[in-house]
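Residues per chain are reported as follows:
2 protein chains.
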Amino acid sequence: MNDAPLILVTNDDGIHAPGIRALIEEVLPFGRVLVVAPDKPQSAMGHAITIHSFLRLHSVDLLDGAEAWSCSGTPVDCVKLAIYKLLGGKRPDLLVSGINHGANISINVLYSGTMSAAVEGAMEGIPSVGFSLMDHSIEADFSQVRPVVRNVVGNVLKHGMQAGTCLNVNVPRNDGAPLKGIRVCRQARANWEDEFETRLDPGNKEYYWLRGEFRGHDQGEDTDVWAVDNRFVSIVPTQFDMTAHHAIAELNTWSHAVG
Amino acid sequence: MNDAPLILVTNDDGIHAPGIRALIEEVLPFGRVLVVAPDKPQSAMGHAITIHSFLRLHSVDLLDGAEAWSCSGTPVDCVKLAIYKLLGGKRPDLLVSGINHGANISINVLYSGTMSAAVEGAMEGIPSVGFSLMDHSIEADFSQVRPVVRNVVGNVLKHGMQAGTCLNVNVPRNDGAPLKGIRVCRQARANWEDEFETRLDPGNKEYYWLRGEFRGHDQGEDTDVWAVDNRFVSIVPTQFDMTAHHAIAELNTWSHAVG
Numbered sequence: 011m012n013d014a015p016l017i018l019v020t021n022d023d024g025i026h027a028p029g030i031r032a033l034i035e036e037v038l039p040f041g042r043v044l045v046v047a048p049d050k051p052q053s054a055m056g057h058a059i060t061i062h063s064f065l066r067l068h069s070v071d072l073l074d075g076a077e078a079w080s081c082s083g084t085p086v087d088c089v090k091l092a093i094y095k096l097l098g099g100k101r102p103d104l105l106v107s108g109i110n111h112g113a114n115i116s117i118n119v120l121y122s123g124t125m126s127a128a129v130e131g132a133m134e135g136i137p138s139v140g141f142s143l144m145d146h147s148i149e150a151d152f153s154q155v156r157p158v159v160r161n162v163v164g165n166v167l168k169h170g171m172q173a174g175t176c177l178n179v180n181v182p183r184n185d186g187a188p189l190k191g192i193r194v195c196r197q198a199r200a201n202w203e204d205e206f207e208t209r210l211d212p213g214n215k216e217y218y219w220l221r222g223e224f225r226g227h228d229q230g231e232d233t234d235v236w237a238v239d240n241r242f243v244s245i246v247p248t249q250f251d252m253t254a255h256h257a258i259a260e261l262n263t264w265s266h267a268v269g
Numbered sequence: 011m012n013d014a015p016l017i018l019v020t021n022d023d024g025i026h027a028p029g030i031r032a033l034i035e036e037v038l039p040f041g042r043v044l045v046v047a048p049d050k051p052q053s054a055m056g057h058a059i060t061i062h063s064f065l066r067l068h069s070v071d072l073l074d075g076a077e078a079w080s081c082s083g084t085p086v087d088c089v090k091l092a093i094y095k096l097l098g099g100k101r102p103d104l105l106v107s108g109i110n111h112g113a114n115i116s117i118n119v120l121y122s123g124t125m126s127a128a129v130e131g132a133m134e135g136i137p138s139v140g141f142s143l144m145d146h147s148i149e150a151d152f153s154q155v156r157p158v159v160r161n162v163v164g165n166v167l168k169h170g171m172q173a174g175t176c177l178n179v180n181v182p183r184n185d186g187a188p189l190k191g192i193r194v195c196r197q198a199r200a201n202w203e204d205e206f207e208t209r210l211d212p213g214n215k216e217y218y219w220l221r222g223e224f225r226g227h228d229q230g231e232d233t234d235v236w237a238v239d240n241r242f243v244s245i246v247p248t249q250f251d252m253t254a255h256h257a258i259a260e261l262n263t264w265s266h267a268v269g
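In order, the protein sequence lines correspond to chains A and B. Residue numbers for the first sequence, in our numbering: 11 to 269. Residue numbers for the second sequence, in our numbering: 11 to 269.
Quick caveat, the hints were computed from the structure, so don't treat them as lab data. Quick caveat: nothing in here was measured; it's all calculated off a predicted structure. It is possible that some hints are incorrect.
Identical chains blur together in the list; that is why a pair holds if it fits in one copy or across any two.
List time: in silico EDC-like cross-link candidates among lysine to aspartate or glutamate, alpha-carbon distance up to 16 angstroms [as the list claims (entries may be wrong)]:
hint	residue 1	residue 2
1	Lys50	Asp151
2	Lys100	Glu149
3	Lys100	Asp228
4	Lys168	Glu77
5	Lys100	Glu205
6	Lys168	Glu260
7	Lys168	Asp103
8	Lys50	Glu203
9	Lys50	Asp232
10	Lys100	Asp204
11	Lys190	Glu231
12	Lys100	Glu203
Kindly generate the complete structure, drawing on both the sequences and the hints.
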């Protein structure tokens, strides 16, 4: 079993979320499994890492056949601790993150701890995939995600991944009908129209809760938003090079004389 | 003064860092200034937002002519609160973030709270710039950054910014010699070779401190790492579309039949 692929599993909903359990069950037949996941919910932590405090790891008895650790930090901390503490610098053959309880389509890739863990994997040269189900419920039904995980993991182990990229996989909520298939997409343009709900504490001081509404601004039928709206699974190849290469030429026409 | 540009200022080192004070001083002549910055250091918070707790804002008397608020959340929270709470949904004409005490070149754009605030600005359609000085010291010398801020802010207010992009500006540490100028660059390929320093708490339980070493993997002379290593200011146009567009064609050759 020692030449079986080593698969690192993480998430942002925390090690006790049903989604990571479903993911572990689906990847166990593909190889050896190491789980390092947050000890508490870390949704919307983006690419945050812990530099002003220390980190802890605790061994967890999670699922037969999987070595599992809970981590006091963020999803990206989990990836770093797995590689540089638990594996002594060795890279796993595959990193999978999720299955997230909730969508990570479009610009949510930037806020998502699930996807940031996959992006960190790509930065470390590890073929990495984030899986998300568009259902926030703790009782979300992952049955339609499971065969998607098997398909994508099989493909990634067979084909590898282009350097500097990872995959963002989003699966529509199970509405009882079969999914229409898988589409390779680009990240849709969108923003969050936010709102802050203002409340008064017992001392009559204001505090604010963030409540956002997702607003698509993209008519493309090649986007992840279009795909999931039309009951397809979306796969967006995602990279950590954030350079707007197309903007370089215009910026070079500016006057850069510093006086 | 009401048709002067409205400039939103934030950072990740906290509202009392010398870097944001230098930035405010340099942008005040360009327009009306609203400061919303974290009440404590928020370095390496990436694109994290606060969804499991509430947020606070406190009015701060910081610099004459600038309305200033400290925020209990992350840099991206600051941008959202500025737009959706303090400005009632109105977008400022410019967002500047920094001046960061420390470099945000290469892949650090993903970890950086300073740059994530600028990326959030771009998502909201606001011309946005993050400024960083490659000197972590609280006593860092910002004198060479100040004219860079004036140049870049002048350019952005004059030319605007391509949709979906912002700027990542890094200035070499002041070593006494003049800077060589400004270069428009791409984000260099690199990773962090991390190490976890293991310590024992008084109860003999292990805990870990993250200590990383930045490793460049890019020979290009068009990168931000090359520029700052050669005493140029680097400007990288940065986008929130993380799609690896070049990888889509290959992914479409995979078998996506879900069984």
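Here is how each hint holds up against the structure:
Neither within a single protomer nor between protomers do Lys50 and Asp151 lie at most 16 angstroms apart by alpha-carbon distance, with minima of 21 angstroms and 40 angstroms respectively. In this homomeric assembly, Lys100 and Glu149 never come within 16 angstroms of each other (Cα to Cα): the closest approach is 35 angstroms inside a single copy and 39 angstroms across copies. Taking the closest pair of Cα atoms, Lys100 and Asp228 never come within 16 angstroms of each other, the shortest separation being 41 angstroms inside a single copy and 22 angstroms across copies. In the homo-oligomer, the alpha carbons of Lys168 and Glu77 never lie at most 16 angstroms apart, since the shortest distance is 24 angstroms inside one protomer and 57 angstroms across protomers.
With identical chains, the CA atoms of Lys100 and Glu205 are at most 16 angstroms apart between copies only, with a shortest distance of 12 angstroms across copies and 44 angstroms within one. Taking the shortest Cα distances, Lys168 and Glu260 sit within 16 angstroms of each other only across copies (13 angstroms), while inside one copy they are farther apart (41 angstroms). For a Cα distance limit of 16 angstroms, the shortest separation of Lys168 from Asp103 inside one copy, 11 angstroms, qualifies, whereas the shortest one across copies, 49 angstroms, does not. When the C-alpha separation of Lys50 and Glu203 is checked against a cutoff of 16 angstroms, the pair qualifies neither within a copy, at 27 angstroms, nor between copies, at 26 angstroms.
In this assembly of identical chains, the alpha carbons of Lys50 and Asp232 never lie at most 16 angstroms apart, being 35 angstroms within a copy and 42 angstroms across copies at closest. In this homomeric assembly, Lys100 and Asp204 come within 16 angstroms of each other (Cα to Cα) only across copies, at 12 angstroms, whereas the closest approach inside a single copy is 42 angstroms. In the homo-oligomer, the alpha carbons of Lys190 and Glu231 lie at most 16 angstroms apart inside one protomer (15 angstroms), although the nearest pairing across protomers, at 46 angstroms, exceeds that limit. In the homo-oligomer, the alpha carbons of Lys100 and Glu203 lie at most 16 angstroms apart only across protomers (11 angstroms), although the nearest pairing inside one protomer, at 42 angstroms, exceeds that limit.
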